[in-house]
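> Residue numbers (the working numbering), protein chains in the order written: chain A, 3 to 221; chain B, 3 to 221.
I should point out that these hints are in silico values taken from the structure, not numbers from a laboratory.
There could be a bad hint or two in this list.
Which copy? The list can't say, so a pair holds if one copy fits it or any two copies do.
[Unchecked claim] Calculated cross-link-like contacts (lysine to aspartate or glutamate; reagent style DMTMM-like; alpha-carbon spacing at most 20 angstroms):
hint, residue 1, residue 2
1, K103, D186
2, K208, D178
3, K220, D150
4, K20, E169
5, K168, D186
6, K177, D150
Here the structure is a predicted model, which means the values were calculated and not measured.
Number of protein chains: 2
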Amino acid sequence: MKIAVFGTGDVGQAIATKLVSLGHEVRLGSRTATNEKAKAWVEKTGAKASTGTYADAAKFGEWVFNCTLGAGTIEALKMAGEGALDGKIVVDLSNPLDFTKGMPPSLFLSNTDSLGEAVQRTFPKAKVVKTLNTMWNGIMVNPRLLPDTHVNYLCGNDAGARGQVKELLKSFGWKDEELLDLGDITNARGTESILPLWVRVYGATKSGAFNFKIVAAKG
Amino acid sequence: MKIAVFGTGDVGQAIATKLVSLGHEVRLGSRTATNEKAKAWVEKTGAKASTGTYADAAKFGEWVFNCTLGAGTIEALKMAGEGALDGKIVVDLSNPLDFTKGMPPSLFLSNTDSLGEAVQRTFPKAKVVKTLNTMWNGIMVNPRLLPDTHVNYLCGNDAGARGQVKELLKSFGWKDEELLDLGDITNARGTESILPLWVRVYGATKSGAFNFKIVAAKG
Numbered sequence: 003m004k005i006a007v008f009g010t011g012d013v014g015q016a017i018a019t020k021l022v023s024l025g026h027e028v029r030l031g032s033r034t035a036t037n038e039k040a041k042a043w044v045e046k047t048g049a050k051a052s053t054g055t056y057a058d059a060a061k062f063g064e065w066v067f068n069c070t071l072g073a074g075t076i077e078a079l080k081m082a083g084e085g086a087l088d089g090k091i092v093v094d095l096s097n098p099l100d101f102t103k104g105m106p107p108s109l110f111l112s113n114t115d116s117l118g119e120a121v122q123r124t125f126p127k128a129k130v131v132k133t134l135n136t137m138w139n140g141i142m143v144n145p146r147l148l149p150d151t152h153v154n155y156l157c158g159n160d161a162g163a164r165g166q167v168k169e170l171l172k173s174f175g176w177k178d179e180e181l182l183d184l185g186d187i188t189n190a191r192g193t194e195s196i197l198p199l200w201v202r203v204y205g206a207t208k209s210g211a212f213n214f215k216i217v218a219a220k221g
Numbered sequence: 003m004k005i006a007v008f009g010t011g012d013v014g015q016a017i018a019t020k021l022v023s024l025g026h027e028v029r030l031g032s033r034t035a036t037n038e039k040a041k042a043w044v045e046k047t048g049a050k051a052s053t054g055t056y057a058d059a060a061k062f063g064e065w066v067f068n069c070t071l072g073a074g075t076i077e078a079l080k081m082a083g084e085g086a087l088d089g090k091i092v093v094d095l096s097n098p099l100d101f102t103k104g105m106p107p108s109l110f111l112s113n114t115d116s117l118g119e120a121v122q123r124t125f126p127k128a129k130v131v132k133t134l135n136t137m138w139n140g141i142m143v144n145p146r147l148l149p150d151t152h153v154n155y156l157c158g159n160d161a162g163a164r165g166q167v168k169e170l171l172k173s174f175g176w177k178d179e180e181l182l183d184l185g186d187i188t189n190a191r192g193t194e195s196i197l198p199l200w201v202r203v204y205g206a207t208k209s210g211a212f213n214f215k216i217v218a219a220k221g
């Protein structure tokens, strides 16, 4: 598949590299066509990797992975251009982290709204699926790094798109029983609200290489 | 120990019954001295159980467990009377759940504040320790109900009080490695923010008999 990855930071590069390793063609999108980090990534990643503006990448990709920082997500997606996301699956990994009010960060959208909903509202014809936003990027692309099963949530308004994203995640190494489908995109209010806890567990344990598992009583 | 438990609902009764079973004397507090639920609980629980107003219970207890509904927590604690909580450990299990804006509930305090902080602010001389607020009450008092280890967070400004609460929780069946001390009471912003996710996992799995485990990469 041809896939656009928005965002040249650690998350974008981890996702893009994983997708190339699975045989997909990936265009890493950023503000400018000459982004140094994107160019360096293409050089080390090989023939299936390319780079360009958000608009170039969106045009190229059948799907779009949004791995931009939350504070810039809506603006970055808008730079894809009018209609560029229409009908496409937009896998949204962003979090509405607000670093302007001290550490640990708070959220600039929360409780009765979420960034996942804001993305879907802004691009009503995109099929937004929120997932992978509740963990460190090393675990997103290598879930078997952890010595036990653990959970990754999906939500979005299009059930078919959620199912397709689930299949792609399985190719990353996620087990079917680890992928918890919560339903429509308003559930991003739940998954994004892990962040205020995540940053504090990270603070207490001094390691980001963890994720949560749901332990249920035996029926 | 003599312990006050505020709140006659499922959480208060579960905590109060557990404490009595461990040999503590418990006074269940509510708005009135003639609360029917409290009287029925005393009848079935025996000699170590008693009931009274919030003020009666606070006077009786060396510690106070706050198991009231979040929306009424500050008011209930105020009914204990001027200075009644001073110097005492107040174990706060409440959550700022707001059911007025539709289901699942949102939070009436969140992100840059928390109910744990509000309790501590309102009663600056109490030693507030927030814990057990992230799970169903059946698991609070019987953590071994689940077939794996799982996590319970503690936070509060008094490290000694956090340590004393940890010891009491171990008598409930919690293992030392399951009790994650996050530090001061501002960390309640993190643990209370699990609720928006908890209610959605409950919605998706149709069972409240679960908790989260932190799965970490092996060092």
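> Each hint needs a verdict: does it hold in this structure or not?
Now the hints, each set against the structure:
1. When the C-alpha separation of K103 and D186 is checked against a cutoff of 20 angstroms, the pair qualifies only between copies, where the shortest distance is 18 angstroms, while the shortest distance within a copy is 30 angstroms.
2. In this assembly of identical chains, K208 and D178 lie within 20 angstroms of each other by CA distance solely across copies; the values are 18 angstroms between and 29 angstroms within a copy.
3. Taking the shortest alpha-carbon separations for K220 and D150, both the intra-copy value of 18 angstroms and the inter-copy value of 11 angstroms come in at or below 20 angstroms.
4. Proximity of K20 to E169 under the C-alpha cut-off of 20 angstroms is restricted to the intra-copy arrangement: shortest distance 15 angstroms within a copy versus 45 angstroms between copies.
5. Taking the closest pair of Cα atoms, K168 and D186 come within 20 angstroms of each other only inside a single copy of the chain (15 angstroms); across copies the shortest separation is 38 angstroms, beyond that limit.
6. Proximity of K177 to D150 under the C-alpha cut-off of 20 angstroms is found in both arrangements, the shortest distances being 11 angstroms within a copy and 19 angstroms between copies.
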